[in-house]
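A.B. asks: Build out the structure end to end from the sequences listed, making use of the hints.
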Amino acid sequence: MINYLKSEQYRMLRKKSLHLTSLVCLLLISAAGAVLAYFGKTDPTFPYATSNFYYSNVLGGAGLIILVAFIVNFSLTGKDTTVLKNTISFGIKRKTVYWSKLILTFIYFLVLCIIGLSLLIGIGETFLASESGSISNLLAAVANMVPIILSAFLLIHTLKLLNMGDVYILVILLGIYGFAGNLLWVVAKKFPFFKKLYEYAPDTLMGRNLMGFMDKTAQIGYPYFLTGGLLAAAAIVIGIIQFSKKPID
Amino acid sequence: METVIQTAQLTKSFKGTNVIKPFHFSLFKGEICALIGQNGAGKSTIFKMLSGQLIPTSGEIRLFGKIEQDKEDARRRMGFLIETPAFFPDFTAEQNLKYYVLQRGIVEKNRIAEVLAIVGLANEKRKRFKEYSMGMKQRLGLALCLLSSPDCLVLDEPINGLDAEGIREIRNLLIRLNEEKQITIFISSHILTELHLLATRFVFLKDGAVVEDISKEALQEKSRKQLIVTVDDAAKAVRLLEQNYPAISYKVLPDQVITIDGHIEDGGEINRLFTMNGVTVMEFRAEARNLEEYFLELVGGAAI
Numbered sequence: 001m002i003n004y005l006k007s008e009q010y011r012m013l014r015k016k017s018l019h020l021t022s023l024v025c026l027l028l029i030s031a032a033g034a035v036l037a038y039f040g041k042t043d044p045t046f047p048y049a050t051s052n053f054y055y056s057n058v059l060g061g062a063g064l065i066i067l068v069a070f071i072v073n074f075s076l077t078g079k080d081t082t083v084l085k086n087t088i089s090f091g092i093k094r095k096t097v098y099w100s101k102l103i104l105t106f107i108y109f110l111v112l113c114i115i116g117l118s119l120l121i122g123i124g125e126t127f128l129a130s131e132s133g134s135i136s137n138l139l140a141a142v143a144n145m146v147p148i149i150l151s152a153f154l155l156i157h158t159l160k161l162l163n164m165g166d167v168y169i170l171v172i173l174l175g176i177y178g179f180a181g182n183l184l185w186v187v188a189k190k191f192p193f194f195k196k197l198y199e200y201a202p203d204t205l206m207g208r209n210l211m212g213f214m215d216k217t218a219q220i221g222y223p224y225f226l227t228g229g230l231l232a233a234a235a236i237v238i239g240i241i242q243f244s245k246k247p248i249d
Numbered sequence: 001m002e003t004v005i006q007t008a009q010l011t012k013s014f015k016g017t018n019v020i021k022p023f024h025f026s027l028f029k030g031e032i033c034a035l036i037g038q039n040g041a042g043k044s045t046i047f048k049m050l051s052g053q054l055i056p057t058s059g060e061i062r063l064f065g066k067i068e069q070d071k072e073d074a075r076r077r078m079g080f081l082i083e084t085p086a087f088f089p090d091f092t093a094e095q096n097l098k099y100y101v102l103q104r105g106i107v108e109k110n111r112i113a114e115v116l117a118i119v120g121l122a123n124e125k126r127k128r129f130k131e132y133s134m135g136m137k138q139r140l141g142l143a144l145c146l147l148s149s150p151d152c153l154v155l156d157e158p159i160n161g162l163d164a165e166g167i168r169e170i171r172n173l174l175i176r177l178n179e180e181k182q183i184t185i186f187i188s189s190h191i192l193t194e195l196h197l198l199a200t201r202f203v204f205l206k207d208g209a210v211v212e213d214i215s216k217e218a219l220q221e222k223s224r225k226q227l228i229v230t231v232d233d234a235a236k237a238v239r240l241l242e243q244n245y246p247a248i249s250y251k252v253l254p255d256q257v258i259t260i261d262g263h264i265e266d267g268g269e270i271n272r273l274f275t276m277n278g279v280t281v282m283e284f285r286a287e288a289r290n291l292e293e294y295f296l297e298l299v300g301g302a303a304i
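These protein sequence lines are chains A and B, in that order. Going by full-length UniProt numbering, the first sequence opens with residue 1, and the numbers climb by one from there. Going by full-length UniProt numbering, the second sequence opens with residue 1, and the numbers climb by one from there.
Hints in this document: simulated from the structure, not taken from any laboratory. Misleading hints may appear alongside valid ones.
In silico EDC-like links for lysine to aspartate or glutamate, alpha-carbon gap of 20 angstroms or less [claimed, not checked]: (1) A:K95 / B:D70; (2) A:K93 / B:D73; (3) A:K16 / B:E94; (4) A:K6 / B:E108; (5) A:K16 / B:D73; (6) B:K15 / B:D261.
Negatives, chain B to chain A, calculated, CB over 10 angstroms [said to hold, decoys possible]: (7) D163; (8) K181; (9) L273.
Rough simulated footprint, nothing fancy, chain A against chain B, three-plus residues with beta-carbon under 8 angstroms [unchecked claim]: (10) 28 to 35; (11) 72 to 82; (12) 99 to 111; (13) 116 to 127.
Heads up, the beta-carbon is just placed ideally off N, CA and C, and yes, glycines get one too.
C.D. replies: In structure tokens, the structure reads:
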């Protein structure tokens, strides 16, 4: 596994498009902060030059974070998977391939998220009006987001390795992380049982998390970990089982 | 003799259709075995099952006598080139091989330069894979096969896209590897004349089943088809043939050439018959069917 990790790392470090995308993400975070700070300085009545508003935009942009997760995942599970036959025919186990690619892409994504979060807090606390407790409020909300985003990352990884088309993957992500709650709400009107499931849908939880942050009452809660954990486990189980018997062409 | 590849009751079905019928096969160390069949006969499916790209529906594969978990390790002693070679398009040949050197834990520092030199790509190592011609891609695929100094090569259409000189080079390379390093080779190609020059054993496949498994010597023996005799007096020679072999089938061609169907085993006697009766024999030879004719006769029809 170590040798396989080394080779994939060699490949990943030479992915210019990945590093460029990461840079763009960080620039966008900086640009958003810079724009808010600029208007805050030039217009005293501008109400949004606060760290809370700045942070809420990131917390409300879970969809964009999942999109970044998709792009990072693409670096090792994109078109390059055509070379997998060389790896499999050398006797490297499919489980090794699955976990190695996951570990590397996830570490990259994690580092990018930590840099992004540090940049966010740095800009928010330095250039924008900040209230006391805003950082702890932000960190609690971010902690709630982590399991949901992680499950999305794992799901993308599994679907990419199973060679599913990008459009299908985006539709599935949109369905689970964008509309599942709304759908369950509609179904719950006829079948009350679904009301409970609605409470645990990813988009419901993300909406509640944002509201909690806006109200300055964000707390780390178990439903986020329960939903994220179940989705992540399902993605891993499906990935390992399906990938172990998938034809590699 | 050591068995390199052994399969028993190996089958593969796709959506209920049996693509490979129970396949029993053994490949022994030092052999160059050609797998011959029409498009869709199941050659690539067999190769892919051997390489682990496809999971067999049933049956067993032993590589160097190993099964299950140990089989994965045994694959490290093999080099597979199945269908088109796949590499990272934006990497150079050197970078692509470096990726596999890391992956395979190869410690020899000059190995990349060595294999690139062997396949004739030493001067093209800094070119990106996407800029390579089909023949160069094929050569790089072979270089990858050789990277980990394998004991067995499994090659599916390795000379695809190569020009005549390239084909000859690869043929000579494979023969050299087989003779000098005792590398066992399991190969398929639609260019049967090449296989005829290269292989020491031929396995004919039709609709996923082996129809014949034959050594080069036996094949040559079986495919000898007709005697071709050039004499000074064809009319007299024919008369002698009819008198001594009443059921003989022959043709008289221009320039006193007679072709006799079959009767290979009677060649010596026929020659003696002519000379004893004053017919001068200028040329006397047995003509063989080529591999393509033999194959077409065996599987009955369309070309590969």
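A.B. asks: Just pull the numbers of the violated hints for me, sorted ascending.
C.D. replies: Violated hints (numbers, rising): 5, 6, 10, 13; every other hint is consistent with the structure.
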